[in-house]
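S.K.: Residue numbering for the sequence shown follows the numbering used here, beginning at 203 and increasing consecutively.
There could be a bad hint or two in this list.
Stated by the list, open to error - Taking CB as the label site, the calculated pair distances span:
no. : residue 1 : residue 2 : range
1   : Y510      : G631      : 49 to 59 Å
2   : T607      : G352      : 35 to 45 Å
3   : N603      : D732      : 49 to 59 Å
Keep in mind that the hints were calculated from the coordinates and are not lab data. This one's a predicted model, so the numbers in the text were calculated from it and none came from an experiment. Ideal Cβ positions, reconstructed from N, Cα and C, are used throughout, including at glycine.
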Amino acid sequence: MRRLLLGLVFAVLTACGGGGGGSGSGGGFSLGGSGAAPTNPPVTTSDAFRFLNQATFGATEDTARALIALGDSSNAYARWIDAQITKPTSVLLPAVEAAYPNPVPTGFNVGSLNAVRLETWFAHAVRGEDQLRQRVAFALSEIFVVSQIGALQNLPNATADFHDMLARNAFGNYRDLLEQVTLHPAMGIYLSMLGNQRAVAGTNLRPDENYAREMMQLFSIGLVELNIDGTLKRDATGQPIPTYNQDIIEGFARVFTGWKWACPTTTPTCTFANTRPQVAPVAGYNQIKPMQLFEAQHESGEKRVLSYSGSALSGGLIAANQGGERDLRSALDNVFNHPNVGPFISKQLIQKLVTSNPSAGYIQRVAEKFNNDGSGRRGNLEAVVRAVLLDAEARATPSGNAIATAGKLKEPLLRLTQLWRAYDARSGGEKLGAARNFSGGASGTFGQAQGSSPSVFNFFSPFYAPPGEIADAGLVAPEMQLATEYLNTQTTNFFWTQVTTRTHLNAARLNVDDVYIDISSDLSLASNPDGLIDRAATRLLGDPGVLSSELRAAIKTQVERTTIPATNPTAAQATRVGDALYLILTSPSYALQR
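Modelling step: build the complete structure from the supplied sequences, incorporating the hints.
M.R.: And the structure:
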């Protein structure tokens, strides 16, 4: 009955939409007696939480205090980014390599090591020091998608290293990243570029177009031409202008021929036909080595690619007989310098980090940094990330009409990682994210898990607009594509189990890999419902004032239903804490990233 009642409360609160109300300090600052704002206002806790929810896997009280200590609002955020960029890169591959049995037995289920990759990713997300790098890498992994589902199931080294490659390049250059993505064997397998052969006259054999198409549509320029501010360019009839056609797809497909597994160092001779991936983590294994060109299988003729003003290729043509490696460089340079790349990639990073519906001005400011970082360099992702996070639109506390379009729905995984970070999640075996914590794995519970997208189109589309008010207003809410009735139920059930049975109080009775949270500092407030609500809201939201008056009243009513006996009060205290946490975790106040 308790869960049914709480579920009904959640449904009512969701319909209300949250927001407003409360008596907290908010995210702004007080005006002086003259009515003039301070020149450099301090970073408030609300400000810090807002920034850290954009730049990490979840704000916490400790990380907010550390940010505030860096200075006022004119320099604290930039100093935090400076420090993050110097952090060593947390990587997944070593954990996967270490998990192989030695020796590897015949019939070993290599695919089982995907679980090790996921557990290590959760550990980095919850405890890693390089939070900004990992957060940007996660965003990039939802643009440059590969997935363990399908052909990569038994190549865990490749999928782990692909994510590590994204992390290493998170603050690098987009052109370098695009080449590393193109030649990584994980992408080669996933989008069938690996083993792609030249056409053979008199047969139906012709180059595979899969990678060529998705590289343009998803990884670089999109389907239609854009202005620098992300708005559509239109022809004389008012129709959007396509960025490419079938001839261009075929041209790029011809470029991407002749690439296959790099030769293992243990193979004295290596041909296009006999190369194969090595499974065990031995010296020279090729799941993580860039693909190798086999010139005899490369299409040597002329290739039609993108034609645009300022292109270095006359008429959008790559000359014949210049070799496969030079063809690849010419083709990727051709894509990299297309005017669409800046607004196309910049908008997606804004959407994944800050807001689903950025203004045209915001997109333009970031795209201009992509085009020129201030020193003449194009594609500097460090400058782009700084521009995304430090823009006035990202840092301003939304108010007035802006509240309706500001922010974004948190991805389900980010709702989880923030809880785990805020409440010091751990397990007996220290395997954060072990599959046994979820019904059907993380994907089965939250609809997403690192490296487990159902397709190259990610878990959700950046263009998704749920029918109704959002679509009618011309807005998008990408993450709402995961807000199905089934997944919402799975997510709320998970949070119920987490806050009621998987806490430090039950750690000794849990399985070794069950993740539990530490609610010890909240228990002492259980007899003070208002104090308990403030404490939980501060840990999860940064400011109790974010709670609506309706939500606060509902939580207090539910908390007070549990009587705390004078003798052995711990169980009742834990129930009160669990009720307060559950109703915040399943509320719009927590689900929305403003």
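S.K.: Does each hint fit the structure? Answer for all of them.
M.R.: Structure-based check of each hint:
1. Y510 <-> G631: 49 to 59 Å: Between Y510 and G631, where Cβ atoms are some 54 Å apart, the hint holds.
2. T607 <-> G352: 35 to 45 Å: Holds: the Cβ-Cβ distance is about 36 Å, inside 35 to 45 Å.
3. N603 <-> D732: 49 to 59 Å: This hint is violated: roughly 32 Å between Cβ atoms.
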